[in-house]
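Using the sequences provided together with the hints, build the complete structure.
Number of protein chains: 2
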Amino acid sequence: MPEQHYPEVRALGLFSGMTDENFFALMRGAYVQNFPPQIELISEGEPSDFLHVVLSGSVDLFSQWNGRDTSLATVRPISTFILAATIKNAPYLMSARTLEKSRIVLIPSQDVRSTFDADGTFARAIVTELAQCYRSVIKAQKDLKLRSSLERLANYLLRQQKRAGGSAAFDLDFEKRRLASVLGMTPENLSRAFKGLQPYGVSVEGTRITINDQPDLERFAKPNPLIDDSST
Amino acid sequence: MPEQHYPEVRALGLFSGMTDENFFALMRGAYVQNFPPQIELISEGEPSDFLHVVLSGSVDLFSQWNGRDTSLATVRPISTFILAATIKNAPYLMSARTLEKSRIVLIPSQDVRSTFDADGTFARAIVTELAQCYRSVIKAQKDLKLRSSLERLANYLLRQQKRAGGSAAFDLDFEKRRLASVLGMTPENLSRAFKGLQPYGVSVEGTRITINDQPDLERFAKPNPLIDDSST
DNA sequence: TTCGACACTTGATATTTGTCAAGCGGTGAA
DNA sequence: TTCACCGCTTGACAAATATCAAGTGTCGAA
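Keeping their order, the protein sequence lines are chains F and H.
Position 208 of the first sequence, counting from 1, maps to 208 under our numbering, and the rest follow consecutively.
Position 115 of the second sequence, counting from 1, maps to 115 under our numbering, and the rest follow consecutively.
It is worth saying that the hints were derived from the structure and are not from the lab.
There could be a bad hint or two in this list.
[To be verified] In silico SDA-like links for lysine to any residue, alpha-carbon gap of 20 Å or less:
| hint | chain 1 | residue 1 | chain 2 | residue 2 |
| --- | --- | --- | --- | --- |
| 1 | F | Lys139 | H | Ser95 |
| 2 | F | Lys88 | H | Thr232 |
| 3 | F | Lys222 | H | Ser149 |
| 4 | F | Lys88 | H | Asp228 |
| 5 | F | Lys222 | H | Pro91 |
| 6 | H | Lys162 | H | Glu44 |
| 7 | H | Lys88 | H | Glu44 |
| 8 | F | Lys222 | H | Gln64 |
| 9 | F | Lys176 | H | Leu146 |
| 10 | F | Lys139 | H | Asp143 |
| 11 | H | Lys176 | H | Arg68 |
| 12 | F | Lys176 | F | Gly206 |
| 13 | H | Lys88 | F | Pro225 |
| 14 | H | Lys162 | H | Asp216 |
| 15 | H | Lys139 | F | Thr74 |
| 16 | H | Lys222 | F | Gly67 |
| 17 | H | Lys139 | F | Asn212 |
| 18 | H | Lys139 | F | Ala90 |
| 19 | F | Lys139 | H | Gly184 |
Put into structure tokens, the structure is as follows:
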């Protein structure tokens, strides 16, 4: 892997604490690759040969069963995915595909596991990362089980607004069909859900969303830090 | 904590690899407590003061929002819960209540975190445990997003049957209202779902389930190791 | 033994969500 | 420029799921 990428990978919480020696050893076996959009990087069920780090672009994690499919998460720079499978040396539970042109680091899982055994600092960093991931999924689970689709959309918009800087108008960061899948509904229903939020001051123009009456939307959405805060 | 409980706690994957010294240090600050049924042990949003270990009985992890509530998991001996919150020193995302009379070890979270910083073996054990938990939630997420309630029930029965030893008849291990909540449906719909599985050879008598035609049920349920296997 | 609480069931009905088919509008290639 | 494609929307309809209101049966306490 070209050394020019070392700093950005090294800056990740996962790698920042470990010794230079172990970091370089990990990077020696790694390589960087550019992928065009819509490439399936991994398929669920396959053995987990590499830990992946997204340097640029974005990656969709999804899963299929019995002819249906659903998006479970989107990975944006700079972060890793399929860490749990790598650690457990177990098959991937999700498939991954690039959404756009993406640059991705591939670190052999075996190297990650041996470094993890040898470097306590690295092991602890992995714990922190995994705990974060775990809590994110729990939140998603609560979102799905406790809220209707309209409520999920409303809260998603509030989260996205905050992520985009907090101003009333902002852009969705991926296409609506995928948003629908992430939120656990059909594209048709997402369309209707947007209309259902009009009475609360939400207007939509293509991918541009405007929240005209934030307090009103929040009264409806009832956002909750134990579901909607990404940090805690 | 009385030393009589040391061996069963020590036998947990989480604690089995660490040094005696660190283990005893952890146990010194811990204590064992007996709880009657239906006691709320922790409430979501509270700071995570203790890592919990269930020695006997069972514990329901649930969450509430806007007047609704849902069961997310059941913890059975011998295992821990709210590990992620303990590690991250973050508020609980779920509440916990005893389902029956239960004996539970409480280990101060601060002790867990400092031992985790000091003992690489312990840190690695935590990683393994967390990765396991993470993958379980991902599977639950896929179950919920990819399957109808009837399919979820069918697969649940097949999993439960396997857990109970594989014979055609077995008992549900908790009451139906809670099963409904775990499966993400109402008790009324669970009743109807059981009827809906009759054509596939499922009969119900109280908590006793009989699967008369397993291949037929499996043809309907399409169980998938990437959703239904607890081990991988 | 009787009574009441409670979990479970059942039926009728309402709401939510999905499906199918059609149309609209933008984009990119010929 | 034209046209085919594709994502999005809309409407009509169907299916899944929830809600409400009885009813049934069991179990434990008085």
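Q. So which hints don't hold here, by number, going up?
A. 3, 6, 17
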